[in-house]
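The lines below spell out each chain.
There are 4 protein chains.
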Amino acid sequence: MKIGVWKVAMANPSDVSELAGLIDKGAVNPAEIVALIGKTEGNGGANDFTRGYATLCYQLLIGRHLGLPQEEVGKRIAFVWSGGTEGVLSPHATIFTRSSEGFADGTLRLAMGMAISRKIAPEEVGTVAQVKEVAATVRRALAEAAIADGADVHYVQVKGPLLTPASISDADARGAVTVTRDPNGSKPYARGAMALGVALALGEVSEDQITADVIARDMALFTSVASTSAGGELSDCEVLLFGNSPSSASDFRIGHGILKDAIDADGVRAALQSAGLVFEGTPNAEQAGRIVSVFAKAEASPTGRIRGRRNTMLSDADINYERHARAAVGAVIASITLDPAIFVSGGTEHQCGPGEAPIAAIVRI
Amino acid sequence: MKIGVWKVAMANPSDVSELAGLIDKGAVNPAEIVALIGKTEGNGGANDFTRGYATLCYQLLIGRHLGLPQEEVGKRIAFVWSGGTEGVLSPHATIFTRSSEGFADGTLRLAMGMAISRKIAPEEVGTVAQVKEVAATVRRALAEAAIADGADVHYVQVKGPLLTPASISDADARGAVTVTRDPNGSKPYARGAMALGVALALGEVSEDQITADVIARDMALFTSVASTSAGGELSDCEVLLFGNSPSSASDFRIGHGILKDAIDADGVRAALQSAGLVFEGTPNAEQAGRIVSVFAKAEASPTGRIRGRRNTMLSDADINYERHARAAVGAVIASITLDPAIFVSGGTEHQCGPGEAPIAAIVRI
Amino acid sequence: MKIGVWKVAMANPSDVSELAGLIDKGAVNPAEIVALIGKTEGNGGANDFTRGYATLCYQLLIGRHLGLPQEEVGKRIAFVWSGGTEGVLSPHATIFTRSSEGFADGTLRLAMGMAISRKIAPEEVGTVAQVKEVAATVRRALAEAAIADGADVHYVQVKGPLLTPASISDADARGAVTVTRDPNGSKPYARGAMALGVALALGEVSEDQITADVIARDMALFTSVASTSAGGELSDCEVLLFGNSPSSASDFRIGHGILKDAIDADGVRAALQSAGLVFEGTPNAEQAGRIVSVFAKAEASPTGRIRGRRNTMLSDADINYERHARAAVGAVIASITLDPAIFVSGGTEHQCGPGEAPIAAIVRI
Amino acid sequence: MKIGVWKVAMANPSDVSELAGLIDKGAVNPAEIVALIGKTEGNGGANDFTRGYATLCYQLLIGRHLGLPQEEVGKRIAFVWSGGTEGVLSPHATIFTRSSEGFADGTLRLAMGMAISRKIAPEEVGTVAQVKEVAATVRRALAEAAIADGADVHYVQVKGPLLTPASISDADARGAVTVTRDPNGSKPYARGAMALGVALALGEVSEDQITADVIARDMALFTSVASTSAGGELSDCEVLLFGNSPSSASDFRIGHGILKDAIDADGVRAALQSAGLVFEGTPNAEQAGRIVSVFAKAEASPTGRIRGRRNTMLSDADINYERHARAAVGAVIASITLDPAIFVSGGTEHQCGPGEAPIAAIVRI
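Chains as they are written, first to last, in the UniProt record's numbering: chain A, 1 to 365; chain B, 1 to 365; chain C, 1 to 365; chain D, 1 to 365.
Take these hints with a grain of salt, some might be off.
Which copy is meant is left open, because identical chains are indistinguishable; a pair holds if it fits in one copy or across any two.
Derived SDA-like pairs: lysine to any residue, alpha-carbon spacing no greater than 20 Å straight-line [claimed, not checked]:
1) Lys260 to Thr282
2) Lys119 to Ser169
3) Lys7 to Gly308
4) Lys260 to Gly281
5) Lys260 to Asn284
6) Lys2 to Ala249
7) Lys132 to Ala220
8) Lys260 to Ala288
9) Lys2 to Gly106
10) Lys7 to Arg305
11) Lys2 to Pro246
12) Lys260 to Ala285
13) Lys2 to Ile77
14) Lys75 to Glu233
FYI, nobody ran anything at the bench for these hints, they're computed from the structure.
All figures in this text were calculated on a predicted structure; none of them were measured in a lab.
Just need the whole structure built from these sequences, with the hints factored in.
Structure, rendered in structure tokens:
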């Protein structure tokens, strides 16, 4: 297995020209594209349509090259977008290809596994049932990635369903009870259950710790490597698992760290060093040039304070707290990686401890 | 001369309790307060009333202690507020006291001078006349600060008038011509002329370089130590000049650096080191504890790019670019100083080179 | 009893010049001012400090005239501000005076009663206990207004406490249980309980209908004349009750109507006609000139639809739905009253039926 | 000529299901579609990508039916979108078809003409050259619509280029001078020149009145029936002209009115009555049901006041003034037409007198 990693800039949400250029010059084989993780310049909220727009445009491009209708492209390639490029963050996509070329030399190199769960019923969203189903799915992705040791997993991106007015009605019609009746309020449950599913699969929590009353509540249970998101358009859970495997022939290595808070520069450095980048303080230009992609979560401090100082993220009625958090975290990361094209998204239930956030980095070997 | 520096946190724009506590316990003598520079949690725009609210509340507090009506307090103390605590920035005020106590030991220590210009007529705003008047005012402040060498000046905060519909009408009535008829459009001229006034006084530009057509246009002319702001409520220019003087008995030293862009962590370090803080990479807790206050400007990149990557600050119709810039710069600084109570404000015409911004730091000796 | 009604425009939240002018020329006796209801130009959210700023400035003005410290003014005069002047809405205050001058001629004229509840404990907020306490308070205000018939009540403004992190901690410390642990989520409970208290006092619901599980849930129970708001700074409930009484010598009459949705022009007309204004279609200039003040609530449709058409208020992550709703309702009202200085605020739990909102109007006789 | 008018609701910017349904059941012949004018739920600013997204989705749908690539659909059908559904406004599109079926009975019925100008060079944007070119284009559209009398024209939608950094560079390279160097600042010039082009073609201004110094400056010159918009993606000017013609066999009639300000309900009524709808005060359900589409402009008052009351549209740093204006105007119109699916867009240079705005209505006969 060889994983290719290509970061392309975007001049707007419909700009697919950089990928088109890579395909045209033969650098990227469109048939080998398996996933895309990117940032668009929307507001990141419920009315952010830049994600759907970008997905459509990439699907049309790839579909043209593969002779497939756009819908079919959606079935073979995973698209993960986060809206909101606050502060210095720059709209871009990281495109992953997978091929069987190359010989593995037995050193740990970037590997990747993908798996999709069965459909999650509305009454299962945010429950123990979802936790277990996600755990099973993560285990399949782990096998596909040829990663034997959970400690070699550094980034698990999961997206799955939240509750919508329609899905709540569906549950009602069947006499089933949902975890909440508030669509927006279902997000923490959905993201939390998926994160706990990762934690369970990787042995970060044990099965007997997972009960209905811990999901989105007992934040002492968590995974350090998951990034989960919930959307109304999904009914199953898609898992993208990244780690290092001795069976991989990739030119990259992945690592991860933990951001203790929104200004934790040491956490950023730890992620880069975990991926094998050797540097002190700030990477020099050559070192920084080897950092291909960074994936982090950003969140408002649950205490409303950072290093003892109050911030106003949670009381600001004009700008959503996630936008404040992404702006801050993105700038701190970029001040070290020297590249503002970073993936930073919001919502950290059971993803690292309270107030903390995960960060993963892919580095060219 | 001994300058005291007190940073107080604020739970909201009307919260003066920390200063009240310092006065009550005798740490701060209200009669010695000469200036306040702070951040409030408004939007930083034309309809940000948190600045006026905070000013009123501090004036009422100090007035009660001095037995003075609120208006009189406004005449003896300079208030400089910047609205907008984006990202991790924390609402606070730095309060400066000045007394004649203590013996100077001849080492360079924090000194401060204040001076006010004559009234600037509407037709002078943004013109060579204003540049020269500000330069003269800065020279008076320099003398008051007992600073002989311009190289010992590290931070000059100037605020003065912009054009308003009323002041434009006033000029019209007298047949005088203003630099623009657009009130909002007068800000760059006003801020720029004040910055060039500082540059002229400190010898960073020469008098023959200052012509009408360079103001807010030829950005190759600039000062590296000014931070200027323009407001509709002013008719004269207030100068707060900070530097180090051998005649000072203060417990602090000030330094400055230049932020090459919004993620220039090395620029932050240079400012701290310029103020005498000795550290490598990131200050440790003891070193960080000696950083009392940081004052920086933040600005969108004029090219729309940072380190080659496009950002969306200038095209965002929901969040003003100054808010994006402050969020990013504030987080980068705080990731090094480990304190989010930092003064970061917007608008950098002739304040450092294009795309750059000044940063000053006061450090306890 | 004679109630005076004075509407003053405000150039900014600290502008008290119009009231100052009315006092200076003897039109308003500052000792007779009992209440102020106004709109400020903030964002209407948790970080809208324009309300506190305006309160402080009016208290300072009135305090100067009465020789009272500002805090004492706050105890004798009720201040009700709603932040957010979206669309055409214009910042202003309606000031109410009360005196014993004049003879009542037995016709129904504007009367007013004020009363304050005992302190509401955190564990009582949003509960039946609060409903009953508000009902008792409304009954006292009714008596003070000399209104015998509940049908003569047209506008009851109530403000009271919501839950804050501090008040929840206080309840915890005493082992008491609050209705929710989410401060923001306590608003509907608090507003709803106060509205049901009004409904109970006026006989719009019966005591046996009021149980814990109906508050903020069973929207078939409601009052048609209350406007309630909840704020973190309060611990008791303040009631301002307006109606018509034969014992009043006022020059005004009040009436009310119901807005079926955000574009219900007929509901606006009904309120004006209920107050005694005789007109067809749109008032002419003379008729419009007799409309002194209008007080309305605005709310997003719970279905997300108005007249069968979807709107985007509830999914907009950039602009809060209350701001959309106030902009729309304010413009519709102003298109009929021909005066954009209208009081429109948000949050309608148990205030008219689901999707509906109350509107009251004071008209000069 | 027979013009069909179909209003379709949209559940999101990519929702083309209502048009798909009309095509599937044979009500709309996709080959006859000539234009679409609609509102999307973006922010209406430079970073509003909902317009491009909706265009792409409609082009893909129609292209599938016509067997044409998406780009070709763009060449045969005019797409005009305005972003921003503030207040009650509802996302929708009005689709126009044109066929030769039916016999004209000689009464005035809805007619439509379309024409495209030659490319406008960057140095011509906002100049007399553009005014004249637009005028010539409008005359061609007039002929195509078979309208002999300019008084029968009620709505002329024009969109054309603004200046972009790229087009300014292009002019620079050729030594040509543009009307401004500020891309955003070019909008008033571009919109103004197109509006004056309509005024010139329809005889509302004379050719000798059109000089360089009146464009975007002398607002006493204007057209009462144009709605113009400028976008960076265009290089020519597209004219959609609507009026009534005795040669038309359409089932609709169009009329127009003038909104004196944002709360001018009488202006709304005048537009409906001009289109032939007979009613007093507010249309009843049957009358309202005959109103098919309404097209209006909304703008902040240049004085900052409406009916003598200050509004805060122009000083609000959180919400753009165009969003405030659309929310207000849309609600006032909907309160009369009883349908919130209305086209309201911003920017009125030379479109009606200062502070005024055009409104057109299409009514089923």
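> With identical chains treated as interchangeable, where does the CA-CA distance between Lys260 and Ala285 reach 20 Å or less: within a copy, between copies, both, or neither?
Replying inline: So Lys260 and Ala285 pass the 20 Å test across copies only (16 Å; inside, 26 Å).
>> If the cut is 20 Å between Cα atoms, do Lys7 and Gly308 qualify within a copy, between copies, both or neither?
In response: Classified as between; 14 Å across copies, 37 Å inside a copy.
>> Within a copy, between copies, both or neither: which one fits Lys132 and Ala220 at a CA-CA cutoff of 20 Å?
In response: Within one copy only: 19 Å inside a chain, 41 Å across chains, cut-off 20 Å.
>> I want to check one pair: Lys2 and Ala249. Are their C-alpha atoms no more than 20 Å apart within a copy, between two copies, both, or neither?
In response: Close inside one copy (5 Å), not across copies (66 Å); limit 20 Å.
>> Cα distance capped at 20 Å. Does Lys260 pair with Asn284 within a copy, between copies, both, or neither?
In response: So Lys260 and Asn284 pass the 20 Å test across copies only (16 Å; inside, 24 Å).
> How would you classify Lys2 and Pro246 at a CA-CA limit of 20 Å: within, between, both, or neither?
Replying inline: For Lys2 and Pro246, only the intra-copy Cα distance (11 Å) is at most 20 Å; the inter-copy one is 65 Å.
> Between the shortest in-copy and the shortest cross-copy C-alpha distance, which are at most 20 Å for Lys2 and Gly106: within, between, both, or neither?
Replying inline: Within one copy only: 13 Å inside, 67 Å across.
> From the Cα coordinates, with 20 Å as the cut-off, is the pair Lys260 and Ala288 best called within, between, both, or neither?
Replying inline: between (22 Å within a copy, 18 Å between copies)
>> Regarding Lys2 and Ile77, is the shortest C-alpha distance of 20 Å or less found within a copy, between copies, in both, or in neither?
In response: Answer is within: at 17 Å inside a copy they meet the 20 Å cutoff, but 46 Å across does not.
> For the identical chains here, do Lys7 and Arg305 meet the 20 Å Cα criterion within one copy, between copies, both, or neither?
Replying inline: between (34 Å within a copy, 17 Å between copies)
>> I want to check one pair: Lys260 and Thr282. Are their C-alpha atoms no more than 20 Å apart within a copy, between two copies, both, or neither?
In response: both (19 Å within a copy, 16 Å between copies)
> Between Lys75 and Glu233, at a C-alpha cutoff of 20 Å, which is it: within one copy, between copies, both, or neither?
Replying inline: Cα proximity of Lys75 and Glu233: one copy only (14 Å, versus 32 Å across).
The structure fails none of the hints (numbered hints given earlier).
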